[in-house]
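Protein sequence lines, in the order shown, are assigned to chains U and B. Whatever position you read off the first sequence (first residue = 1), add 178 for this note's numbering. Whatever position you read off the second sequence (first residue = 1), add 79 for this note's numbering.
None of these hints come from the bench; they were simulated from the model. Treat the numbers as computed from the prediction; the structure is a model and nothing was measured. Among the hints, a few may not be true.
In silico DSSO-like pairs for lysine-lysine, Cα to Cα no more than 27 Å straight-line [unchecked claim]: (1) Lys121/B / Lys191/U; (2) Lys157/B / Lys137/B; (3) Lys148/B / Lys138/B; (4) Lys136/B / Lys157/B; (5) Lys121/B / Lys235/U; (6) Lys137/B / Lys148/B.
Far from chain U by the CB rule (all over 10 Å, computed), these chain B residues [claimed, not checked]: (7) Glu94; (8) Gly95; (9) Asp96; (10) Ser103; (11) Gly133; (12) Tyr151; (13) Gln160; (14) Pro190.
Every residue gets a Cβ at the ideal spot worked out from N, C-alpha and C, and that includes glycine.
Residues per chain, in single letters:
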Amino acid sequence: KAGVTQTPRYLIKTRGQQVTLSCSPISGHRSVSWYQQTPGQGLQFLFEYFSETQRNKGNFPGRFSGRQFSNSRSEMNVSTLELGDSALYLCASSSSGQGYEQFFGPGTRLTVL
Amino acid sequence: ILNVEQSPQSLHVQEGDSTNFTCSFPSSNFYALHWYRWETAKSPEALFVMTLNGDEKKKGRISATLNTKEGYSYLYIKGSQPEDSATYLCAFIIDGNQFYFGTGTSLTVIP
Numbered sequence: 179k180a181g182v183t184q185t186p187r188y189l190i191k192t193r194g195q196q197v198t199l200s201c202s203p204i205s206g207h208r209s210v211s212w213y214q215q216t217p218g219q220g221l222q223f224l225f226e227y228f229s230e231t232q233r234n235k236g237n238f239p240g241r242f243s244g245r246q247f248s249n250s251r252s253e254m255n256v257s258t259l260e261l262g263d264s265a266l267y268l269c270a271s272s273s274s275g276q277g278y279e280q281f282f283g284p285g286t287r288l289t290v291l
Numbered sequence: 080i081l082n083v084e085q086s087p088q089s090l091h092v093q094e095g096d097s098t099n100f101t102c103s104f105p106s107s108n109f110y111a112l113h114w115y116r117w118e119t120a121k122s123p124e125a126l127f128v129m130t131l132n133g134d135e136k137k138k139g140r141i142s143a144t145l146n147t148k149e150g151y152s153y154l155y156i157k158g159s160q161p162e163d164s165a166t167y168l169c170a171f172i173i174d175g176n177q178f179y180f181g182t183g184t185s186l187t188v189i190p
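Using the sequences plus the hints, can you model the full thing?
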């Protein structure tokens, strides 16, 4: 089985711009979660999508949004980028149940200048 | 915001030493506790999924225990090898599939 893929791997944007990151889960996985990692912080949960619906949401401002398509691929969008949004963004997929192990993608490294 | 704490933050051990780390989490609304290993330049990989109080899991030289009543989990590595060098993350899961990760323990095994 192919693993979780994320595109792009690296991205440089400037403040005020918006960005869209993409995640393709493992075939058959219907849950996709997004995480942000900044230096000194653990993985911060952004949101989880399951069957095209946002099932859970972390404590992030509304500038962070996402969606999931019928093929379970997911996108994450960040609008009006701030310097503090510079981070590694990881997505992870899992089977449909709750509490199942997460399979992580390689991440997208976003730099905001 | 739930607080998941891991200690120590970093650890250097000699090859062959055994070591252990701690993950502390809230004792209420527990659904599951996961351990992940995150090697540099790779993606985090699941080590253990633990759901029941008293759970003990083992994979080779690595094992983990879980105490949901007091809110902690231990990860043990027996006879550490250089390839065990990585950051070890625990994730506390509450009902609803919300994952709360600790900041990790960075392990360096010195040959």
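- Query: Are lysine 137/B and lysine 148/B close enough, with their CA atoms no more than 27 Å apart?
  - Reply: The given pair, whose Cα atoms are some 21 Å apart, holds under the 27 Å limit.
- Within a Cα-Cα threshold of 27 Å, do lysine 148/B and lysine 138/B meet the stated pairing? holds (24 Å)
Aspartate 96/B clear of chain U by more than 10 Å, beta carbon to beta carbon?
holds (26 Å)
query: Per the stated criterion, does the least C-beta distance between glutamate 94/B and chain U lie above 10 Å, as a non-interface residue requires?
result: holds (28 Å)
_Beyond 10 Å on every Cβ pair: is that true for glycine 95/B relative to chain U?_
Given a closest Cβ separation of 29 Å, the condition holds.
Q. So is tyrosine 151/B really clear of chain U, every C-beta pair being over 10 Å apart?
A. holds (17 Å)
**Request:** Would you check the hint for lysine 121/B and lysine 235/U, treating anything up to 27 Å between C-alpha atoms as holding?
**Result:** Satisfied, since the Cα-Cα distance of roughly 26 Å is no more than 27 Å.
Quiz item: For glycine 133/B, which was marked as not at the interface, is the minimum beta-carbon distance to chain U over 10 Å?
Solution: holds (17 Å)
Checklist entry - Was serine 103/B rightly flagged as not at the interface, with every chain U Cβ beyond 10 Å? => result holds (13 Å)
**Prompt:** Is lysine 121/B within 27 Å of lysine 191/U, Cα to Cα?
**Reply:** holds (24 Å)
Glutamine 160/B and chain U, when compared Cβ to Cβ, separated by more than 10 Å: holds (23 Å)
27 Å limit on alpha-carbon distance, applied to hinted pair lysine 157/B and lysine 137/B:
holds (11 Å)
When held up to the earlier numbered hints, the structure conflicts with none and fits them all.
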